[in-house]
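K.L.:
From first to last, the protein sequence lines stand for chains A and B.
Residue numbering for the first sequence follows my numbering, starting at 40 and increasing by one per position.
Residue numbering for the second sequence follows my numbering, starting at 35 and increasing by one per position.
Be a bit skeptical, because a hint or two may be false.
What the hints assert, rightly or not - The following label-pair restraints were derived from C-beta to C-beta distances:
id, chain 1, residue 1, chain 2, residue 2, range
1, B, Lys130, A, Gly126, 36 to 46 Å
2, B, Lys130, A, Pro69, 58 to 68 Å
3, A, Gly121, B, Thr255, 44 to 54 Å
4, A, Val129, B, Glu115, 21 to 31 Å
5, A, Leu113, B, Arg142, 53 to 63 Å
6, B, Trp84, A, Arg89, 20 to 30 Å
7, B, Asp144, A, Leu117, 44 to 54 Å
8, B, Arg85, A, Val133, 30 to 40 Å
9, B, Arg142, A, Val129, 51 to 61 Å
10, B, Arg118, A, Val133, 27 to 37 Å
11, B, Leu58, A, Arg148, 19 to 29 Å
12, B, Phe59, A, Phe147, 38 to 48 Å
13, A, Gly126, B, Trp84, 35 to 45 Å
In short, the hints are calculated from the structure, not lab data.
Please read all numbers here as calculations on a predicted model, not as lab measurements.
Ideal Cβ positions, reconstructed from N, Cα and C, are used throughout, including at glycine.
Here's the letter readout for the chains.
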Amino acid sequence: MIAVLALLAGVVLGVWLDPTVPAALQPYLPIAVVAALDAVFGGVRAKLDRIFDDKQFVVSFISNVLVAGLIVYLGDQLGVGGQLSTGVVVVLGVRIFGNVAAIRRHLFRA
Amino acid sequence: MTGTPGDGRGRGDRVYAPDFLTELFRNPLDPGYADAAARRRERRDPPSGWRHWSARSVALLVAVALGFLFAVAYRETLEAEPGRSQARSGLVEQIKQRESDTDRLSVRADELRAEVARQREAALGGSEAARLRALEAGTGLGRVRGDGVVVRLADAPQKADAVTGTDVGPSRVIYSDLQGVANDLWAAGAEAIAVNGQRLTATSTIRSAGQAILVDFRPVTGPYEVSAIGPGSMRERYEGSRSALTMRKVAEDTGLSFGVREAEEITLPAAAEPRLRYAEPSVSPTASPSGAERSGPSGSRTSPSPSGGGR
């Protein structure tokens, strides 16, 4: 519950502060969002599984975002940025999908 | 949070199987959560207050950061969209404006060219002017008309690769096809050739730049029409030439279209005046004073006069 409030606070903060993203970081924003979504759904599912762990959540969020950004950066340098970011999106998408399915089973028992 | 996880995995028995994807599909949750729960169960004591709360607050900070990230990304996407479409429409507008500029200027150039021709004719005598016109027609600097053939080449209908979405294969007309057609038309006796309305002269080039074909540095787009004025036997002679045979075969194999037809009374436009930077006329036929001076050192040339329409 508090976590949801914190999330909302973050959204409000983002809307209110309206920061400008540096141009160099802009290509990585969508990937970072997907990675963050993966961390969020992982956390929610862990919560419902009753194995949520604060440290694990923090570490998974930060490392997800950093690794995803790093892979895409590396891909850009090697000239395969598009393909590598597709790979990242596929892997994270599969995980998000699986976690959402688990959450659905928890909530609806179906 | 007293963990009673369903799966009895302890830490360390997670195997990074070679079948990574199957594992990913079966168990999408970060294994770290299970590990942490197992660790807690082993210790069986509630985590100390300070540690617990600091971890908690960091997690909440991360949640705030998450929300922040989402909001920023959303706004960024919203802001980028009008910028993108604006840039695109700006470019389209620029292209249109430049095109209309070019049209206007080329109309003006035509007017001026006609004006120059008129003035010159007024200045020169009748026979001189006729001679000049003949020279211009021969060298491609004057408009000509007559009977001839039109060779039409067009790209095959787009066949996109199902996987990559890019169009594949040699089913496009390339610059060397046009070169071959033009060369064989010259060989078949053509006296004037134009590609899509671009008259070819002695210094004309047919080249490619990326996907575009440039004739005299001006882009031409398909379908390409190579019009040539020449003798009545030209079509027959051209049909037997190498480029015609090659293109027929290519057209059969790839779906590219290639056709030769005779045309009556075609008009070919004049080419733009070539800007010669290094070559100068050695002797003018009417030996103007300056031309006579210049002819001194190069007087030993065997054929000093540029014979009309010589190629």
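K.L.:
For each hint, tell me whether it holds in the structure or not.
P.N.:
Hints, one by one, checked against the model:
no.: 1; hint: B/Lys130 <-> A/Gly126: 36 to 46 Å; verdict: holds, 41 Å
no.: 2; hint: B/Lys130 <-> A/Pro69: 58 to 68 Å; verdict: violated, 33 Å
no.: 3; hint: A/Gly121 <-> B/Thr255: 44 to 54 Å; verdict: violated, 28 Å
no.: 4; hint: A/Val129 <-> B/Glu115: 21 to 31 Å; verdict: holds, 25 Å
no.: 5; hint: A/Leu113 <-> B/Arg142: 53 to 63 Å; verdict: holds, 54 Å
no.: 6; hint: B/Trp84 <-> A/Arg89: 20 to 30 Å; verdict: holds, 23 Å
no.: 7; hint: B/Asp144 <-> A/Leu117: 44 to 54 Å; verdict: holds, 52 Å
no.: 8; hint: B/Arg85 <-> A/Val133: 30 to 40 Å; verdict: holds, 34 Å
no.: 9; hint: B/Arg142 <-> A/Val129: 51 to 61 Å; verdict: holds, 57 Å
no.: 10; hint: B/Arg118 <-> A/Val133: 27 to 37 Å; verdict: holds, 30 Å
no.: 11; hint: B/Leu58 <-> A/Arg148: 19 to 29 Å; verdict: holds, 25 Å
no.: 12; hint: B/Phe59 <-> A/Phe147: 38 to 48 Å; verdict: violated, 21 Å
no.: 13; hint: A/Gly126 <-> B/Trp84: 35 to 45 Å; verdict: holds, 41 Å
Going down the numbered hints, you'll see the structure goes against 2, 3, 12, while the others check out.
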